[in-house]
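Peer 1: In case you want the letters, here they are:
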Amino acid sequence: MNEDIVKVENLTFYYTNDDEESEAASDRKYVFRELNLSVEKGSFTAVLGHNGCGKSTLAKHMNAILLPCGGKVYSAGFDTADDSALFDIRSHVGMVFQNPDNQIVASVVEDDCAFALENMGVEQSEMRRRVDEALKAVGMYEYHLHSPGQLSGGQKQRVAIAGIIAMRPDCIVMDEPTAMLDPAGRREVMKTIRRLNGDGVTIVLITHNMDEAAQADRVIVMDKGNIILDDKPTEVFSNVELLRSVGLDVPQSTELMYLMKKSGFDTDVHIIDEESCANALFDILNA
Amino acid sequence: MIKDITIGQYFPGNSFVHRLDPRFKIGITAVFICMLFSADTFAGLGVAAVFFIISYGLTGLPYKLMTRSIKPIIPIIIFTGFINLFFIDGVPVIKIFGIIITDEALRVTAFMMIRIILLICGSSVLTYTTSPIVLTDAIESILRPLNKVHFPVHELSMMMTIALRFIPTLIEETDKIMSAQKARGAELDSGSFMNRAKALIPILIPLFVSSFRRAEELALAMECRCYRGGEGRTKLKTLSSGLSDYIALSVSILVLCGVIIINMGKVSILHAYTTI
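Going down the list, the protein sequences come from chains A and B. Okay, so the first sequence: first residue is 1 according to my numbering, each after it adds one. Okay, so the second sequence: first residue is 1001 according to my numbering, each after it adds one.
These are computed hints drawn from the structure, not numbers from a lab. Predicted, not measured: the structure shown is a model, and the values here were computed from it. Heads up, some of the hints might be wrong.
Derived DSSO-like pairs (lysine-lysine); straight-line CA-CA distance at most 27 Å [as the list claims (entries may be wrong)]: (1) A/K224 x A/K60; (2) B/K1182 x B/K1198; (3) B/K1237 x A/K136; (4) A/K7 x A/K262; (5) A/K136 x B/K1235; (6) A/K72 x A/K60.
Construct the complete structure from the given sequences, taking the supplied hints into account.
Peer 2: Following this line, the structure appears as structure tokens:
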């Protein structure tokens, strides 16, 4: 179970000024310098960070949309710099983006879901089976003949996820999949993500929503291209001051516990969900 | 308001016409158009009209729908009607205020009007019973032989698919931008024609910018789903033609032959007259 699905070794990445092919080091805008990271197969990892901290850039390295300027990224065992493995990487490590509208290609839900399989040249009967399976997995099967325009944001995002699941990837990288959704849509998508993870799909969730990150097994906090925290959510969110200093929040329950602790109550800041928070409050009131 | 615009009014159904292979439907529509333009006589036109009425009956759609497709072209029909009515020579039958209407003009006008109406109605049978996506697939399939001369058939149909997919999205976006500009004091539906045209600029520019952004993101999402052009691609749905498709096409070709024969009949009658 210790196999790594994504392995980032000494990743260095920078943007150069577009106007000239100047290779002068001073023109480079570094995003990462010697970044190391590995994601275990079957895990649910959340990557947290403020805008511009490089979390999306990191996600794009995971399925070879961006290639490292230095160091290596291995996805599903393939080196992302290897051109011939490009489609293998992309079918093993799927990617879901922020805006569901801009990911859906076809005008019928099931046609869109089949898009990746059509590209991969999957045989028709097999394709039918996998499309139905993927739509059932995200709970959108009953809408398979609808047009995306008739769906809500959350439903569209689930269709987009189904389009990725149909490829049967080992890992899905999600770049803020809930950022454009309403609370109901967020809940739908998060539920789908957790269920997929339960079925053994590795999830890398890029987010800046603390409550979503709290649902992962592992939280990585990034700031200015560096990993500053990498631990279980309960441990990560107990570093309230550090998170604040990089412009991040903590889940509301943790915040409450933190404030109470500061005011002299004996509370545990390792609490990240509402239920244990309520239990802790109950205990304090009882004491 | 702008949301109500529909492109290619498709009415879902499960009739014989709905189930026909879209490629054959395009073929039959082409044959029907040939019928209309080869018909020289009212009898020929009548045969085409009967063919249309029967095939429309087979769609199971209400005849009322036809008024919807005719409505927008009424000005065109009236305009061509007028032109024909006053400018064709022949034996005068009506004289009002010095305007002379000839018998030939009446005949040609009636003929033209019926022909245009049938043309519009006939082609709407195709769009009413075939969804735009299926139509795109059919066009791709019909054009496929052009691949041999390096015509980008797959790319063309992909573009059409994406365009169809994004029409509702972009309409929604236009609506939003219009509201946003109105909230900033833009006057979109008042003032002279020039002013209104100018007021469109602050709507079109954001729309274009956002379309480009969307295009970029879509391209990325497509690449992430292993898109690499048309080569080696399979399809979830393939078009299949059956016996009924061939029968329908044969029947329409037979009717076309009938119309042509009627034309020839007219010619021989004329010929008979002149010899007498």
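Peer 1: Indicate, hint by hint, whether the structure satisfies it.
Peer 2: Results of checking the hints against the structure:
{"no.": "1", "hint": "A/K224 x A/K60", "in the structure": "holds (16 Å)"}
{"no.": "2", "hint": "B/K1182 x B/K1198", "in the structure": "holds (14 Å)"}
{"no.": "3", "hint": "B/K1237 x A/K136", "in the structure": "holds (19 Å)"}
{"no.": "4", "hint": "A/K7 x A/K262", "in the structure": "violated (39 Å)"}
{"no.": "5", "hint": "A/K136 x B/K1235", "in the structure": "holds (20 Å)"}
{"no.": "6", "hint": "A/K72 x A/K60", "in the structure": "holds (13 Å)"}
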